[in-house]
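Engineer: All chains, full assembly: derive it from the sequences and hints.
Number of protein chains: 2
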Amino acid sequence: MQTIGMPKISRKGANLPTSPIRKLAHQATLANERGVHIYHLNIGQPDLPSPKSALTALRTYEEKVIAYGPSEGTKSFRMKLTTYYKKHNIDISPEDILVTTGASEAIIMALDCITNEGDELIIPEPFYANYETFAAACGVKVIGVPSAFETQFALPEIDDIEAAINPKTRALFICNPNNPSGYVYKKEELKALAELAIKHDIFFIVDEVYREFLYDGETHTSVLEFEGLAQHAILIDSMSKRYSMCGARIGCLVTKNKEVVAAALKFAQSRLCPPTIALHACEAAIDEPSAYLTESVREYTQRRTTAIKSLQAIPGVEVAVPKGAFYCLARLPITDSDHFAKWMLESFSVDNETLMVAPANGFFSGDKTGKDMIRIAFVLESKKLVRALDLLRLALEKYPNKTI
Amino acid sequence: MQTIGMPKISRKGANLPTSPIRKLAHQATLANERGVHIYHLNIGQPDLPSPKSALTALRTYEEKVIAYGPSEGTKSFRMKLTTYYKKHNIDISPEDILVTTGASEAIIMALDCITNEGDELIIPEPFYANYETFAAACGVKVIGVPSAFETQFALPEIDDIEAAINPKTRALFICNPNNPSGYVYKKEELKALAELAIKHDIFFIVDEVYREFLYDGETHTSVLEFEGLAQHAILIDSMSKRYSMCGARIGCLVTKNKEVVAAALKFAQSRLCPPTIALHACEAAIDEPSAYLTESVREYTQRRTTAIKSLQAIPGVEVAVPKGAFYCLARLPITDSDHFAKWMLESFSVDNETLMVAPANGFFSGDKTGKDMIRIAFVLESKKLVRALDLLRLALEKYPNKTI
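Protein sequence lines correspond, in order, to chains A and B.
236 is the number of the first residue of the first sequence in this note's numbering; add one for each residue after it.
236 is the number of the first residue of the second sequence in this note's numbering; add one for each residue after it.
Keep in mind the hints are simulated off the structure, nothing from the lab.
Since the model is a prediction, treat every value here as computed from it, not as a measurement.
It is possible that part of the hints are untrue.
Which copy? The list can't say, so a pair holds if one copy fits it or any two copies do.
Under the rule of at most 27 Å between Cα atoms (straight-line distance), these lysine-lysine pairs were calculated in the DSSO-like manner [as the list claims (entries may be wrong)]: (1) K376 x K403; (2) K322 x K491; (3) K258 x K493; (4) K376 x K258; (5) K619 x K299; (6) K618 x K299; (7) K603 x K258; (8) K258 x K491; (9) K287 x K299; (10) K243 x K376; (11) K493 x K243; (12) K243 x K426; (13) K287 x K618; (14) K243 x K434; (15) K299 x K315; (16) K243 x K491; (17) K315 x K258; (18) K603 x K577.
Structural biologist: In structure tokens:
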């Protein structure tokens with residue numbers, strides 16, 4: 236029944252889950268207002284400085300009019316991206332690239348281009364929670380195929396994935412290195428997925444925004460490296476993590492499939508253009524000497540070691556050791572990490588400090604899976620990480636609803 | 236039949252019309268490459284300088300990390316917006332505002348929040364062509380109710396609008412002042428629409444991005460000024476036109492309907508945040524002394540006079556005189572303005588100069604309506620406008636397919 240005087244909102248607007256990464260933002264604000272300092276391990280917001288070249292580009296910005304740019308991004312930026320990709324064994328031309336407002340928009344556009352209402356996407360779970368929101372906005376269902384904590388969330392059995400394919404399936408979709416698990420898919424795993432995509436003539440979308448962040452000697456294989464996959468492969472990318480420029484909101488969609496590029500351009504033209512000031516700064520960032528990235532990865536390697544060690548030292552906590560990106564999933568001796576995360580913000584602090592984490596259930600498609608896990612973003616400097624995870628230890632000691 | 240080795244793209248991706256404003260971008264690039272200078276009357280890209288305050292804010296940007304911001308936009312920016320709106324008789328609080336990546340994203344989010352696949356929107360036509368793309372992305376159909384060239388595109392009879400309402404209708408949607416017609420809806424017209432929205436319990440969305448650009452003593456009434464409409468009214472706004480900062484991509488969705496705000500926030504959180512550098516510049520722009528806007532409007536008033544006079548002086552051309560915004564529709568003595576606009580870029584030039592216009596058919600829902608019209612954006616300085624419209628006169632003389 237509709238209440239008169241209150242028009243109905245959409246089903247997806249009403250039913251959509253809130254992002255696990257930001258759902259406790261209000262509680263965090265209230266904690267801040269009480270004077271409590273919060274260590275933010277909930278969100279992949281690196282504290283590393285953005286490249287000097289990018290900041291200088293802003294400070295020397297010479298345009299008199301902040302005008303629209305090309306809908307697909309400037310040619311010069313796309314040219315620079317092709318050079319960047321070449322270094323990563325990815326051979327593409329500027330025409331294969333559509334610059335977007337963050338990787339988020341690239342995913343939305345990809346789904347707009349390849350799915351019809353009622354279609355399905357297959358994603359190994361856990362997966363980046365917002366994929367489900369983007370899919371919901373398109374009226375598309377995410378079919379999660381479970382990967383296991385015990386294998387550090389390696390690719391599920393390929394037969395399990397194939398079993399989920401049906402006529403509604405439009406794409407296989409992974410994040411590599413994975414957010415939230417930190418798993419780096421091996422070349423053979425990617426090859427198996429590529430073969431499935433070709434066999435069933437569906438798309439294979441890979442979000443590679445954490446490409447550079449690899450540990451323990453891992454190497455990264457891009458979806459665009461596979462021969463025979465050109466028409467099926469869609470690469471999602473972003474400048475946010477690579478250059479610690481999350482607020483810039485510059486990403487891209489890359490594919491050699493001309494039909495997808497043409498369709499995506501229509502959606503791109505309708506929203507006019509990606510933010511041009513940020514694009515200007517990002518173009519400068521690409522020219523930053525490679526030492527910037529080397530140093531970032533060195534720093535994250537250290538933080539990852541710190542995070543893993545600290546987590547493993549907490550009684551009852553297990554951690555799926557990440558090989559890439561800057562997240563990991565930790566299993567805690569609790570039954571409801573939503574409640575625990577909220578409790579830490581509302582009812583727990585030590586010396587006026589607490590921490591914010593992302594409850595992991597939102598990274599799984601099931602209602603109950605992941606409720607004993609949290610996602611940790613090891614994006615703070617090691618000293619702060621140590622303190623934050625010591626607070627986690629103390630919180631688990633004091634938390635009244637724990638299971639051990 | 237699907238070709239093996241080529242997965243199918245979506246129906247909307249395949250069928251979507253290309254934006255009339257940008258569809259000839261490729262032909263324009265080729266003309267440029269041949270050394271032909273193009274006067275761009277196709278796109279609402281003002282050549283007025285952006286506010287000094289905004290450019291200074293960029294040049295003195297002090298952040299070390301270009302970090303994510305709040306998904307809903309910073310509190311300080313939303314506070315400043317409430318002060319701005321107060322000056323326009325709009326009484327809202329920061330909690331009613333969601334900052335978006337341009338007005339485009341605000342519209343997409345509004346539709347995500349209020350429509351289900353298969354629903355309908357009623358829009359008087361002609362309308363801003365991209366509304367149809369945004370609707371298509373949501374699986375929603377635009378029902379155009381024709382307004383007449385002869386009335387300068389005033390609101391159609393309210394009975395005609397009501398006759399289009401059915402159980403699938405989710406909203407009435409207008410742009411005021413109107414793009415592409417320049418019509419400024421009168422208070423009584425808006426009141427009649429508001430009453431319809433309340434009577435049928437549907438939303439009333441108004442895109443007011445050209446609020447300040449009014450001519451001949453016109454005044455503007457906002458959708459948020461009507462009593463009793465709070466739950467139905469959704470305001471779409473943008474900084475692009477007001478401050479000549481089109482590339483910044485900062486807009487907002489404003490509504491007192493808490494359910495819509497809550498749903499929109501979920502979509503907003505999934506895409507993380509609006510571009511933060513641009514937001515920083517736009518926040519500074521709001522503080523620009525009011526002389527900036529007064530001067531902009533004075534300048535557009537002059538350009539509008541120039542454009543109208545020049546168009547009326549061309550044999551066989553009729554113009555619907557705009558009362559606001561910076562566009563007008565002109566009826567030309569031709570039968571296919573798509574062909575004509577393309578011909579001007581490909582086969583016409585005088586002293587190596589030509590012009591680009593937006594064929595008007597894309598602003599109408601019918602296949603054939605508007606094919607004898609073009610949209611002119613009078614965004615260039617008067618001297619250039621005179622030259623551009625003289626080129627239009629010469630083009631019409633030389634065009635082989637004209638009707639007179």
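Engineer: Among the hints numbered above, which are violated by the structure, and what are their numbers in rising order?
Structural biologist: Hint check: nothing fails, all pass.
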